[in-house]
Amino acid sequence: MKFCKIFFIYILIAYPITAKASEASKWLKTEIDKIIIAYQSENLPNENRFLMIEQTINNNFAGTGIAKFVAGKSWNNASKETKTEYIKLFKRHLALNIASMMQGYSNQNYDLVNSRFDEKNKVTLIDMDIFSETGKIQVTWRVKKSKERFFVIDLLVADISLVVTKRSEFNSMLKVVNYDLAELNAKLSKQNQSSYQKIIN
Amino acid sequence: MNKLLQILLSLIIISLSPNLLGAAADEVKTDSDDFETTIVEDEIYDPIEGINRAVFGFNNVADRVILEPVAKGYKKLPTPIQSGLGNFIKNLKLPLVAVNQLLQGQGKNAVESTGRFFVNSTIGIFGLIDVADNIGLEQKEEDFGQTLATWGVGDGFYVVLPLFGPSNLRDTAGMVMTMMTDPVNAYATSQGEAWAIPVRTAVNAVDQRSKIIDEVNALRDNSVDYYAAVRSSYYQNRKAAIMNTDDDVLTPLPLISIEFE
Numbered sequence: 166m167k168f169c170k171i172f173f174i175y176i177l178i179a180y181p182i183t184a185k186a187s188e189a190s191k192w193l194k195t196e197i198d199k200i201i202i203a204y205q206s207e208n209l210p211n212e213n214r215f216l217m218i219e220q221t222i223n224n225n226f227a228g229t230g231i232a233k234f235v236a237g238k239s240w241n242n243a244s245k246e247t248k249t250e251y252i253k254l255f256k257r258h259l260a261l262n263i264a265s266m267m268q269g270y271s272n273q274n275y276d277l278v279n280s281r282f283d284e285k286n287k288v289t290l291i292d293m294d295i296f297s298e299t300g301k302i303q304v305t306w307r308v309k310k311s312k313e314r315f316f317v318i319d320l321l322v323a324d325i326s327l328v329v330t331k332r333s334e335f336n337s338m339l340k341v342v343n344y345d346l347a348e349l350n351a352k353l354s355k356q357n358q359s360s361y362q363k364i365i366n
Numbered sequence: 003m004n005k006l007l008q009i010l011l012s013l014i015i016i017s018l019s020p021n022l023l024g025a026a027a028d029e030v031k032t033d034s035d036d037f038e039t040t041i042v043e044d045e046i047y048d049p050i051e052g053i054n055r056a057v058f059g060f061n062n063v064a065d066r067v068i069l070e071p072v073a074k075g076y077k078k079l080p081t082p083i084q085s086g087l088g089n090f091i092k093n094l095k096l097p098l099v100a101v102n103q104l105l106q107g108q109g110k111n112a113v114e115s116t117g118r119f120f121v122n123s124t125i126g127i128f129g130l131i132d133v134a135d136n137i138g139l140e141q142k143e144e145d146f147g148q149t150l151a152t153w154g155v156g157d158g159f160y161v162v163l164p165l166f167g168p169s170n171l172r173d174t175a176g177m178v179m180t181m182m183t184d185p186v187n188a189y190a191t192s193q194g195e196a197w198a199i200p201v202r203t204a205v206n207a208v209d210q211r212s213k214i215i216d217e218v219n220a221l222r223d224n225s226v227d228y229y230a231a232v233r234s235s236y237y238q239n240r241k242a243a244i245m246n247t248d249d250d251v252l253t254p255l256p257l258i259s260i261e262f263e
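Read top to bottom, the protein sequences are chains C and B.
Numbered by the numbering used here, the letters in the first sequence go through residues 166 to 366 in order.
Numbered by the numbering used here, the letters in the second sequence go through residues 3 to 263 in order.
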């Protein structure tokens, strides 16, 4: 009887955590499959393929929040117009980065192997193994729930965080221009054009 | 009374369960700390950035002209040849991996690595087939740089080595120690076959590079500052290797706010 009580209490505590992680995994799988389908549709022109992927990424990533985090201390001093322009450019930059990375994985099998809910930070971590002929690579998705839906807040490939890397990279750039976000926008715009050309050709 | 207490306890647990607390996660607010530049990039001490950028530029050209095309060619080889070469190279590293695991106090891992070496070198035909993996002896990497870090030696400053790529003072010292103490290299030298050492290094570089062709290209094609992106990636990767813990524990969790427009 005592065992039953302990078991009951354990279920009450553990079930919601497991259920949350599993719900997030199901959602993530659907969204990853959308991107993979876009890559595998051979008749789709490259421009349209990228637009489909960009839309999926923009709908599912916490783009604005990530953009602000990456901007670091340059954010506070920027004008409203500069911030709006930066967020628009950053979202495209993020989509180009992820699309470019996923392009290499589009013909490989993947498996969502493990998911866990970080109660302290209210973040679900989902591990994905991507298999190639000679091995596998692990990608970890960090997912947060808001307004009854999920958003990806970071992506780690072999322990390297996309968001942390972007923040470090942008900070290095911003240091040179005295943390002027408008200057970064000009560079980001150029970079986006160059990345876009590479991805559609 | 006892029953009442139990019901009360159950109610408290239910009310504290994340299902009900989940609603709080929706009220994500922007935190001023989100925008402060503190933890991540300031940790990377790069006082010779100018020189490093020049060497990085040289390495990047060497990669584009030599290493990447060779790695792409290597990727076209039949899978068993690629796997065989990769396994063979990995197996040769195992004696030093075991030594470093011992030096870091990881006795169990050292025994496993020694077991891996013997199983793969014998049943696995000189390490060409990774038999040990199938019997639960997992590959774990440890080097002198990691050992020095475990002993409390700091990173030193960031340095980009010609051809070898990103490193820091501690890891460079570790690399030199590896070169000097590697039993396989010592054996090759004693047998008058020192040519095998650079060949081994080159094959290892090609094998490693072939595994990250897409990742490197994605980073190179989409970075506003490729140098800074590689520097950050190197530090995150090394930190993960040194700590031997889950990514969620060691990689700083950005406090990303979710905002709707």
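Treat the hints with care, since some could be wrong.
Computed beta-carbon distance windows for the label pairs [what the hints assert, rightly or not]:
(1) 273(C) with 246(B): 18 to 28 Å
(2) 286(C) with 246(B): 15 to 25 Å
(3) 363(C) with 117(B): 39 to 49 Å
(4) 345(C) with 56(B): 20 to 30 Å
(5) 202(C) with 214(B): 35 to 45 Å
(6) 279(C) with 192(B): 28 to 38 Å
(7) 279(C) with 105(B): 26 to 36 Å
(8) 205(C) with 192(B): 51 to 61 Å
(9) 143(B) with 294(C): 11 to 21 Å
Only pairs whose alpha carbons sit at most 20 Å apart, straight line, appear in this in silico DMTMM-like list of lysine to aspartate or glutamate [unchecked claim]:
(10) 352(C) with 184(B)
(11) 301(C) with 65(B)
(12) 363(C) with 246(C)
(13) 213(B) with 276(C)
(14) 355(C) with 223(B)
(15) 142(B) with 292(C)
(16) 301(C) with 209(B)
(17) 301(C) with 216(B)
(18) 110(B) with 157(B)
(19) 191(C) with 298(C)
(20) 363(C) with 65(B)
(21) 301(C) with 143(B)
(22) 74(B) with 298(C)
(23) 213(B) with 324(C)
(24) 213(B) with 298(C)
(25) 241(B) with 157(B)
(26) 241(B) with 276(C)
(27) 256(C) with 223(B)
(28) 77(B) with 209(B)
(29) 363(C) with 135(B)
(30) 74(B) with 223(B)
(31) 213(B) with 198(C)
(32) 301(C) with 140(B)
(33) 142(B) with 184(B)
(34) 363(C) with 223(B)
(35) 301(C) with 135(B)
(36) 142(B) with 324(C)
(37) 340(C) with 51(B)
(38) 340(C) with 48(B)
(39) 301(C) with 198(C)
(40) 92(B) with 250(C)
Rather than coming from a laboratory, the hints here were simulated on the basis of the structure.
Glycine included, every Cβ here is placed at the ideal spot set by N, Cα and C.
Here is what the structure says about each hint:
Between residue 273(C) and residue 246(B) the C-beta distance comes to about 27 Å, which sits within the given range of 18 to 28 Å. At about 22 Å, the beta-carbon gap between residue 286(C) and residue 246(B) stays in the expected band of 15 to 25 Å. Taking the beta carbon of each, residue 363(C) and residue 117(B) are about 46 Å apart, inside 39 to 49 Å as hinted. Between residue 345(C) and residue 56(B), the C-beta spacing of about 26 Å keeps the proposed range 20 to 30 Å intact.
As the Cβ distance of residue 202(C) to residue 214(B) is approximately 25 Å, the hint placing it in 35 to 45 Å is violated. Hint check: residue 279(C) to residue 192(B), Cβ distance near 46 Å, so the stated range 28 to 38 Å is violated. Between residue 279(C) and residue 105(B) the C-beta distance comes to about 31 Å, which sits within the given range of 26 to 36 Å. A C-beta distance of roughly 54 Å is found between residue 205(C) and residue 192(B), which places it inside the suggested range of 51 to 61 Å.
Checked against the given bound of 11 to 21 Å, the beta carbons of residue 143(B) and residue 294(C), roughly 18 Å apart, stay inside it. Distance restraint check for residue 352(C) and residue 184(B): the Cα-Cα separation of roughly 46 Å exceeds the 20 Å cut-off, and the hinted pair is therefore not satisfied. For the proposed pair residue 301(C) and residue 65(B), the alpha carbon gap of about 23 Å is over 20 Å, so the pair is violated. With a C-alpha separation of about 29 Å, the suggested pairing of residue 363(C) with residue 246(C) is violated against the 20 Å cut-off.
With a CA separation close to 19 Å, the supplied pair residue 213(B) and residue 276(C) stays within the 20 Å bound. At most 20 Å may separate the alpha-carbon atoms for a hinted pair to count; residue 355(C) and residue 223(B) meet this at roughly 12 Å. Taking the CA atoms of residue 142(B) and residue 292(C), the gap is about 19 Å. The hint holds against a cut of 20 Å. Distance check on the hinted pair: residue 301(C) and residue 209(B) sit about 14 Å apart at the alpha-carbon level, within 20 Å; holds.
Taking the CA atoms of residue 301(C) and residue 216(B), the gap is near 13 Å; set against the 20 Å cutoff, the hint holds. Taken as a hint, the residue 110(B) and residue 157(B) pair is broken in the structure, with Cα atoms around 27 Å apart against an allowance of 20 Å. The straight-line distance between the Cα atoms of residue 191(C) and residue 298(C) is roughly 26 Å, outside the 20 Å bound, and the hint therefore fails. With a CA separation close to 19 Å, the supplied pair residue 363(C) and residue 65(B) stays within the 20 Å bound.
Taking the CA atoms of residue 301(C) and residue 143(B), the gap is about 16 Å. The hint holds against a cut of 20 Å. About 14 Å separates the Cα atoms of residue 74(B) and residue 298(C), which keeps this hinted pair within 20 Å; it holds. For the hint linking residue 213(B) to residue 324(C), the alpha-carbon distance of about 15 Å falls within 20 Å, and the restraint holds. Pair hint residue 213(B) plus residue 298(C) holds up; C-alpha atoms about 10 Å apart against a cutoff of 20 Å.
For the proposed pair residue 241(B) and residue 157(B), the alpha carbon gap of about 10 Å is at most 20 Å, so the pair holds. For the given pair, residue 241(B) sits about 26 Å from residue 276(C) by alpha-carbon distance, which is inconsistent with the 20 Å threshold. A distance of roughly 16 Å separates the Cα atoms of residue 256(C) and residue 223(B); the hinted pair therefore holds under the 20 Å criterion. Under the criterion of a C-alpha separation no larger than 20 Å, the hint pairing residue 77(B) with residue 209(B) is consistent with the structure, at around 9 Å.
Between residue 363(C) and residue 135(B), the direct Cα distance comes to roughly 39 Å. Violation of the 20 Å bound is thereby established for this hinted pair. Our distance criterion of 20 Å between C-alpha atoms is met by residue 74(B) and residue 223(B), whose separation comes to about 17 Å. With a CA separation close to 23 Å, the supplied pair residue 213(B) and residue 198(C) exceeds the 20 Å bound. For a cut-off of 20 Å, the pair hint linking residue 301(C) to residue 140(B) stands: about 14 Å separates their Cα positions.
With a C-alpha separation of about 17 Å, the suggested pair residue 142(B) and residue 184(B) falls inside the 20 Å cut-off, and the hint holds. Between residue 363(C) and residue 223(B) the alpha-carbon distance is near 8 Å, which keeps this suggested pair within the 20 Å criterion. Proximity of residue 301(C) to residue 135(B) is assessed by CA-CA distance (about 13 Å); at most 20 Å being required, the pair is judged to hold. About 15 Å separates the Cα atoms of residue 142(B) and residue 324(C), which keeps this hinted pair within 20 Å; it holds.
Annotation: proposed proximity of residue 340(C) to residue 51(B) holds, straight-line Cα distance about 13 Å (limit 20 Å). Taking the CA atoms of residue 340(C) and residue 48(B), the gap is near 13 Å; set against the 20 Å cutoff, the hint holds. Taking the CA atoms of residue 301(C) and residue 198(C), the gap is near 18 Å; set against the 20 Å cutoff, the hint holds. Among the hinted pairs, residue 92(B) with residue 250(C) is inconsistent with the structure: their alpha-carbon atoms are about 48 Å apart, more than 20 Å.
Violated hints, in rising order: 5, 6, 10, 11, 12, 18, 19, 26, 29, 31 and 40; the structure is consistent with all others.
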